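Novice: Heads up: the sequence lines are chains A and B, in that order. With our numbering applied, the first sequence covers 1 to 115. With our numbering applied, the second sequence covers 1 to 113.
In short, the hints are calculated from the structure, not lab data. It cannot be assumed that every hint is accurate.
[Said to hold, decoys possible] Take a look, some chain A residues computed to stay more than 10 Å from chain B by CB distance:
id	residue
1	15
2	67
3	87
[What the hints assert, rightly or not] Taking lysine-lysine pairs in the DSSO-like style, the calculated list, with each CA pair at most 30 Å apart, reads:
id	chain 1	residue 1	chain 2	residue 2
4	A	20	B	68
5	B	5	A	41
6	B	68	B	58
7	B	58	B	71
8	B	58	A	66
Quantities reported herein were computed from a predicted structural model and do not represent experimental measurements. All residues carry an ideal CB built from backbone N, CA and C; glycine is no exception.
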Amino acid sequence: GAVVSQHPSWVICKSGTSVKIECRSLDFQATTMFWYRQFPKQSLMLMATSNEGSKATYEQGVEKDKFLINHASLTLSTLTVTSAHPEDSSFYICSARDSGRETQYFGPGTRLLVL
Amino acid sequence: QQQVKQSPQSLIVQKGGISIINCAYENTAFDYFPWYQQFPGKGPALLIAIRPDVSEKKEGRFTISFNKSAKQFSLHIMDSQPGDSATYFCAASGITSGSRLTFGEGTQLTVNP
Numbered sequence: 001g002a003v004v005s006q007h008p009s010w011v012i013c014k015s016g017t018s019v020k021i022e023c024r025s026l027d028f029q030a031t032t033m034f035w036y037r038q039f040p041k042q043s044l045m046l047m048a049t050s051n052e053g054s055k056a057t058y059e060q061g062v063e064k065d066k067f068l069i070n071h072a073s074l075t076l077s078t079l080t081v082t083s084a085h086p087e088d089s090s091f092y093i094c095s096a097r098d099s100g101r102e103t104q105y106f107g108p109g110t111r112l113l114v115l
Numbered sequence: 001q002q003q004v005k006q007s008p009q010s011l012i013v014q015k016g017g018i019s020i021i022n023c024a025y026e027n028t029a030f031d032y033f034p035w036y037q038q039f040p041g042k043g044p045a046l047l048i049a050i051r052p053d054v055s056e057k058k059e060g061r062f063t064i065s066f067n068k069s070a071k072q073f074s075l076h077i078m079d080s081q082p083g084d085s086a087t088y089f090c091a092a093s094g095i096t097s098g099s100r101l102t103f104g105e106g107t108q109l110t111v112n113p
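Produce the entire structure from the sequences given, and follow the hints as far as they go.
Specialist: Next comes the structure, spelled out in structure tokens:
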């Protein structure tokens with residue numbers, strides 16, 4: 001149990017385009033989902049916290065207009081990188097917290113390359 | 001206040017040996033301390049977690065030791081295997097942080113055969 005999926009697993013796009021990444025909790029309901037960014041050989045950096053049915057809370061320094069987060073249901077959250085630039089190239093990972101529990105389960109990650 | 005310090009940055013252990021990774025935190029409001037294992041190109045996977053009301057938790061070859069007064073906790077991997085070679089992250093969270101995890105910097109473990 002406690003499986004989180006992400007789609008796509010990797011994506012290459014041209015500079016200036018938008019990319020949407022989906023995060024799904026497959027066998028549990030997640031009132032809260034988190035989006036992280038990870039650069040090579042570095043730790044995970046929390047970008048935003050997404051609560052179902054409400055606006056996401058962004059960490060300091062993360063542009064909310066660039067990284068659009070939607071958490072429309074208890075099993076799906078999406079991250080849209082708008083007007084992507086090469087510096088947005090990174091490994092994006094979501095996690096989902098089982099309702100009423102502390103544990104966060106992570107997705108497999110999405111590698112984004114912006115050319 | 002929100003930092004979690006992790007050491008060592010990298011660790012090389014022989015097969016069958018014990019791997020020990022240490023973490024220290026500052027925020028006394030933290031009350032949940034998980035460890036995650038991450039393989040290259042994959043998302044982190046929860047290994048084991050502990051709360052401050054116990055000093056030790058063991059699951060298979062993995063043990064967390066927790067020292068509340070010192071604000072430190074550590075992961076011990078017994079009988080380390082080459083398949084354990086990965087990056088390990090400690091983390092901490094608490095109600096006051098909205099269950100947001102604060103991660104350590106990570107430890108790259110290599111277990112030589």
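Novice: Looking at the structure, which of the earlier hints fail to hold?
Specialist: The structure conflicts with hints 4 and 8, although it agrees with all the remaining ones.
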